[in-house]
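Given the coordinates of chain A, assemble chain B onto it according to the supplied hints.
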Amino acid sequence: MRYFYQLILLGNINTYIAKNLSQEFLNKLDDMNLSSKNVRIIHSDDFNALYNNKNPSFCFYFGGHDYFCNDIEKLEKLLNNGDAILPIFFTKNNFNKEIPKILHRINGTCFNDTSISKLVNIAFQELRLLRQTRKIFISYKRDDSKGVAIQLFDELIKNNFDPFLDYYSIPLTYDFQDELYHRMSDSDVLIQLLTPNFHRSDYCNEEIETANIKQIGVVQVVWPTCNTEKSDCLCIPFKLKKDNLIKEENSEECRLSADCLKNLIEEIESCRARNLAARQDTLRGEFLQEAKKAGRSIIQDKYYMVEKDKSQKIVAVFLPAIGVPTSYDCYKSREFRNLLETPDLRVYLIYDSLKLQKEWIEHLEWLNSSLDVKTIPRKEFDKWMIEN
Amino acid sequence: MDDRKLDNIFLSASIPIAERDSKYIESCDITAIRDAVIALASLTIRDYRLIWGGHPAITPIISRVIKMLGGVVSEHVILYQSNWFTNQFPKENKDFPKIVFTEKKDTLEESLLEMRNKMIGENVFKAAFFIGGMEGVELEFSLLKKKQPLCRTFPIASTGAAAKLLFERHKSDYDEELEYNLAYMSLFRKLLRDI
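Quick mapping for you: the protein sequence lines, in order, are chains A and B.
As numbered in this note's numbering, residues 9 to 396 make up the first sequence, in order.
As numbered in this note's numbering, residues 4 to 198 make up the second sequence, in order.
One chain only, chain A, in its complex shape (with noise of 0.2 angstroms):
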């Protein structure tokens, strides 16, 4: 199954702001080298049909100068999955006449204030298509495939990821685990090169659990004198065929075949698209239900969560720790920051314990009695929620 990157565009989309904002996505795309086959840009009359809450979205919602509440069905489906919309008005004061009422705790832009590139920006930033944000976990055994890893890795560039090779490296010592968690950090995709030696090793069995307590996609490509095992069966396998592979025999000079490339790259975005909307769900969708069970108001606002009062005043933010914080990128800290203007505004990081060093959640631990930033593991959601 394929999985996409959805940009959603709801409301009064029969305008030439949304449909200038479409081009230049598909621009930027064009421009940073990714391929629009792994992007599905949404519009109000196809939503039912290709809306799929388990690729990462997010939506643009475009008021009208007149009351507008179109695709109010559409809306509740996207917050009740924690999806991230940004409304956008036209007139100053005017966001509560034109967006509908399911939207009026969120934070809109007036389109005055900002500029359509800008826009772009903002859905590339949330949906992690930035290239600091796309990491990818590259094993092989050098004796069996480093021209491929090699190739693939110039290739992973060029389709603008940030690939990290690593040839199988690390000692077999006590803290093997500890390590290999600590280099895939921040990781989306681990992509293995599974030559028989390389199967065989107890590296690869390692690589993928922790892959997966991580919730990093894997993807195997498999040699054609390999055979994935049972135990390889929550990986992608991409399966190598004779013809894929232009000298084999020699392990420094052998590549793969053009086409076969492109189909392999194409696989890793969808598996990177798949488990970015995995992990937003682990912590985000998750902290947003238990919220709403609990009959808080919190709800999801670019790339954090905030709680308003009665009045619509923010008082805490809720920032997911995806991947290792001090990842976090410069943007989102310069808002951040902003925020933390506000005197009396509660500040958390929510996390998922199962993908951090011990010795980062200490950190985070030490964070809660210094730096009045409090965490939130996962765990703890539910209990949070009734005590705070």
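If you are wondering where the hints come from, they were derived from the structure by calculation, not from laboratory data.
Keep in mind that the hints are not guaranteed to be accurate.
Okay, derived cross-link-like pairs now, DSBU-like style, lysine-lysine, Cα gap no bigger than 30 angstroms in a straight line [stated by the list, open to error]: (1) A:Lys301 - B:Lys193; (2) B:Lys26 - A:Lys391; (3) A:Lys387 - B:Lys26; (4) A:Lys238 - B:Lys121; (5) B:Lys174 - A:Lys82; (6) B:Lys193 - A:Lys109; (7) B:Lys26 - A:Lys249; (8) B:Lys121 - A:Lys85; (9) A:Lys301 - B:Lys121; (10) B:Lys150 - A:Lys318; (11) A:Lys27 - B:Lys174.
Predicted model only: the values in this text are computed from it and were never measured.
Just chain B now, kept in the frame of chain A:
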């Protein structure tokens, strides 16, 4: 089997493979299967006893969850393992203090049936979760319904495969959330609270 006063939760899960019936692989979502197993193990291991039949991809996940949670929770799981697979047991089996080995029969099917009958016959389950899977998951559902009709069953349709087929076959018995809700820990927390 165990004398501790914990409620038993049954996990019936596997991952479809291409060589078997295509009806399972077509709808299968391996990411959802992985995440549902992780969520269920994380949520149930402290306060319940989790029981399942060994699988080379599922057992290592549960082993990792136990390690990450720390503490003495390995006593809260029981792994059933057919001796048909003696030469193929995953290394993670050593992480589980409670393994019930069941008799190897003349054929694979008979050996697996032996294991399933023991697993479902020897334990009283409070609830059962069906995730992904193929014929084996469908069979475990039938066996459980027959032997423990009061046990609450939850086919997690969003994971696809056999779980989805079971959901669709008995749709009127289940909440549609099992089909679309991917925030598994929150979903399972709610389901367990309501049983």
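Cross-check of the supplied hints:
Taking the CA atoms of Lys301 (chain A) and Lys193 (chain B), the gap is near 9 angstroms; set against the 30 angstroms cutoff, the hint holds. For the proposed pair Lys26 (chain B) and Lys391 (chain A), the alpha carbon gap of about 40 angstroms is over 30 angstroms, so the pair is violated. With a C-alpha separation of about 35 angstroms, the suggested pairing of Lys387 (chain A) with Lys26 (chain B) is violated against the 30 angstroms cut-off. For the suggested pair Lys238 (chain A) and Lys121 (chain B), the alpha carbons sit about 24 angstroms apart, so the restraint of at most 30 angstroms is met.
Straight-line distance between C-alpha atoms of Lys174 (chain B) and Lys82 (chain A) comes to about 24 angstroms, which keeps the hinted pair within the 30 angstroms bound. Straight-line distance between C-alpha atoms of Lys193 (chain B) and Lys109 (chain A) comes to about 28 angstroms, which keeps the hinted pair within the 30 angstroms bound. Distance restraint check for Lys26 (chain B) and Lys249 (chain A): the Cα-Cα separation of roughly 26 angstroms lies within the 30 angstroms cut-off, and the hinted pair is therefore satisfied. The suggested pairing of Lys121 (chain B) with Lys85 (chain A) is violated, with an alpha-carbon distance near 43 angstroms, which exceeds 30 angstroms.
Pair hint Lys301 (chain A) plus Lys121 (chain B) does not hold up; C-alpha atoms about 39 angstroms apart against a cutoff of 30 angstroms. Distance restraint check for Lys150 (chain B) and Lys318 (chain A): the Cα-Cα separation of roughly 53 angstroms exceeds the 30 angstroms cut-off, and the hinted pair is therefore not satisfied. Simply put, Lys27 (chain A) and Lys174 (chain B) have alpha-carbon atoms about 41 angstroms apart, too far for the 30 angstroms limit, and the pair is violated.
Consistency with the previously given hints fails for numbers 2, 3, 8, 9, 10 and 11, ordered from lowest to highest.
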